[in-house]
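Engineer: Sequence lines, in order, name chains A and B.
Those letters in the first sequence? Residues 1 to 237, per our numbering, in order.
Those letters in the second sequence? Residues 1 to 290, per our numbering, in order.
Hints in this document: simulated from the structure, not taken from any laboratory.
Fair warning: there could be bad hints in the mix.
Which chain B residues stay away from chain A? Per the calculated CB distances, all over 10 Å, these [what the hints assert, rightly or not]:
#1 Ala66
#2 Leu135
#3 Ala151
#4 Phe210
Partial chain A-side listing against chain B, Cβ under 7 Å, derived [unchecked claim]:
#5 Gly88
#6 Leu104
#7 Ala113
Note that beta-carbon positions come from the ideal geometry of N, C-alpha and C, so glycine has one too.
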Amino acid sequence: MNALLEARQLHGAYGRTQVLRGLNFAIGDGAVTTFLGANGAGKTSTLRAICGMINTTGEITFDGKRIERLRPDQIARLGIAHVPEGRGTFSRLSVEENLNVGALQRRSKAPVAGEYELIYHYFPRLKERRKQQAGTLSGGEQQMLAISRALLMSPRLILMDEPSFGLAPLVVREIFQIMRVINSDRKVSLLLVEQNAALALELADQCYVLESGHIVASGPSATIKNDDALRRAYLGY
Amino acid sequence: MEGLIQQVFAGLANGAIYAALGIALVIIYQATHHINFAQGEMAMFSTYIAWSLINAGIPYWWAFAATIVLSFVGGVAIQRIVLRPFDHAPALSVILVSVGLLLVFNSLAGWLFTYTMKSFPSPFPATAPSPTSYLSMHEIGIIAVTGAMLAMVYAFFRLTPLGLAMRAAAENPVSSALSGINVGRMLATGWGLAAAVGAVAGMLVAPIVFLDPNMMSGIIIYSLAAALLGGITNPWGAMVGGFIVGIVENIAGAYLLGTEVKLAIALAIIVGVLLVKPAGLFGQRSVKRV
Numbered sequence: 001m002n003a004l005l006e007a008r009q010l011h012g013a014y015g016r017t018q019v020l021r022g023l024n025f026a027i028g029d030g031a032v033t034t035f036l037g038a039n040g041a042g043k044t045s046t047l048r049a050i051c052g053m054i055n056t057t058g059e060i061t062f063d064g065k066r067i068e069r070l071r072p073d074q075i076a077r078l079g080i081a082h083v084p085e086g087r088g089t090f091s092r093l094s095v096e097e098n099l100n101v102g103a104l105q106r107r108s109k110a111p112v113a114g115e116y117e118l119i120y121h122y123f124p125r126l127k128e129r130r131k132q133q134a135g136t137l138s139g140g141e142q143q144m145l146a147i148s149r150a151l152l153m154s155p156r157l158i159l160m161d162e163p164s165f166g167l168a169p170l171v172v173r174e175i176f177q178i179m180r181v182i183n184s185d186r187k188v189s190l191l192l193v194e195q196n197a198a199l200a201l202e203l204a205d206q207c208y209v210l211e212s213g214h215i216v217a218s219g220p221s222a223t224i225k226n227d228d229a230l231r232r233a234y235l236g237y
Numbered sequence: 001m002e003g004l005i006q007q008v009f010a011g012l013a014n015g016a017i018y019a020a021l022g023i024a025l026v027i028i029y030q031a032t033h034h035i036n037f038a039q040g041e042m043a044m045f046s047t048y049i050a051w052s053l054i055n056a057g058i059p060y061w062w063a064f065a066a067t068i069v070l071s072f073v074g075g076v077a078i079q080r081i082v083l084r085p086f087d088h089a090p091a092l093s094v095i096l097v098s099v100g101l102l103l104v105f106n107s108l109a110g111w112l113f114t115y116t117m118k119s120f121p122s123p124f125p126a127t128a129p130s131p132t133s134y135l136s137m138h139e140i141g142i143i144a145v146t147g148a149m150l151a152m153v154y155a156f157f158r159l160t161p162l163g164l165a166m167r168a169a170a171e172n173p174v175s176s177a178l179s180g181i182n183v184g185r186m187l188a189t190g191w192g193l194a195a196a197v198g199a200v201a202g203m204l205v206a207p208i209v210f211l212d213p214n215m216m217s218g219i220i221i222y223s224l225a226a227a228l229l230g231g232i233t234n235p236w237g238a239m240v241g242g243f244i245v246g247i248v249e250n251i252a253g254a255y256l257l258g259t260e261v262k263l264a265i266a267l268a269i270i271v272g273v274l275l276v277k278p279a280g281l282f283g284q285r286s287v288k289r290v
């Protein structure tokens, strides 16, 4: 499979604190890739590094273009949508306006109306609440809103930071189902960061395991899943 | 009774001015979530630009339009050059910068144009449209121009993609950038728009109060009271707030307190709103589920 995004010798830091120490990884085009690891292993920082939100050295190539020197908004317009930690809700705007923000810098020239219909089909609750202030949504609904906003950008790659965080198991299942649909029907590649390793490995094709800013293991999800020693040491289940 | 009605109408005309500058405050707040204390002085400076253009022989409406454009460019430049280094600074630093700008513009105007009062022309006749009218043509003109400007600002923020992008950038800059919005450009556009609206306010008020570097020092406080009373997130609120402040100020000044302490009313309104109803009359209360 071709790599859609590739990082070479990626270092990243918050001020002077090094958080990423020379990562090499590739995100397959059309695939679901997951980064697993404990708290503080550098998962969120990896996503932030890709989006230009922290200082980095090293190379990041997306779709044949070098992006490590670009601003976050430029990277977003190239087709990388980031569903951030905390979901990035515009809480004073209505649900519909939140979606409109996603569509503002849409890459695709295809009419956007069908896209809204599809999103309301995925998440009927957003349609019911579209006039409501987004800050009043539940955590699960805000996660759905964040994914929908990302989809409206018509991205090639969606970065998801802990989509299951703080949500009820039933809601998590619903969201992961839709993510699978997005990946298979819409041909959008996913990069998923999760604490819940079992859940992530079920969805992902490819897996990287992080510890203190290093990649300590990588391979197809099935291989990682069946490596008992690795699972117990890093993934805690 | 006749006197009271007279005061109410005079209050409406003043209120329109407070509303116009209040709208500028609302725009900056919508775009950056900061209050620009230099808004009044920027408006005053813009008015001097208009005065210079008119004195150079340019017809009023051409000077009016040119001033709006120059003020927009000036507002953008101020944001890019002066405020940009404070993008990630705490709110208090930004407030101090805006107070600094206030002093800079005040002194600059005094230095360039002296502190002598200058008369400024109105495009509307000073006479009343009929002998029984409570308002002069100029006052009616102020109210009409402010109303039109308000409608445009409201439509801009509610109905255009750029307006939405500006509101999003103010509300959550990080999430906006991740959605592909150039946040810096939005902030600069907000400053430009506010400066343009402020310029209109300045050109409307100058024929009444005369042009001098301190002409806005009281007005900005009334405008702040108006914007807070109406709800700083809502341009319509600034309009209604402006009218209420204008009328209350006039009536209280005439019947209760005398004109010397009128300004205290604005301060009382500011404190009262912040204590009793911080979101203002029509402001959006921010609701967050935790």
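Engineer: Each hint should be assessed against the structure and marked as holding or not.
Structural biologist: Hint check results:
{"no.": "1", "hint": "Ala66", "verdict": "holds, 31 Å"}
{"no.": "2", "hint": "Leu135", "verdict": "holds, 37 Å"}
{"no.": "3", "hint": "Ala151", "verdict": "holds, 20 Å"}
{"no.": "4", "hint": "Phe210", "verdict": "holds, 41 Å"}
{"no.": "5", "hint": "Gly88", "verdict": "holds, 3 Å"}
{"no.": "6", "hint": "Leu104", "verdict": "holds, 6 Å"}
{"no.": "7", "hint": "Ala113", "verdict": "violated, 15 Å"}
Of the numbered hints listed earlier, the single one contradicted by the structure is hint 7.
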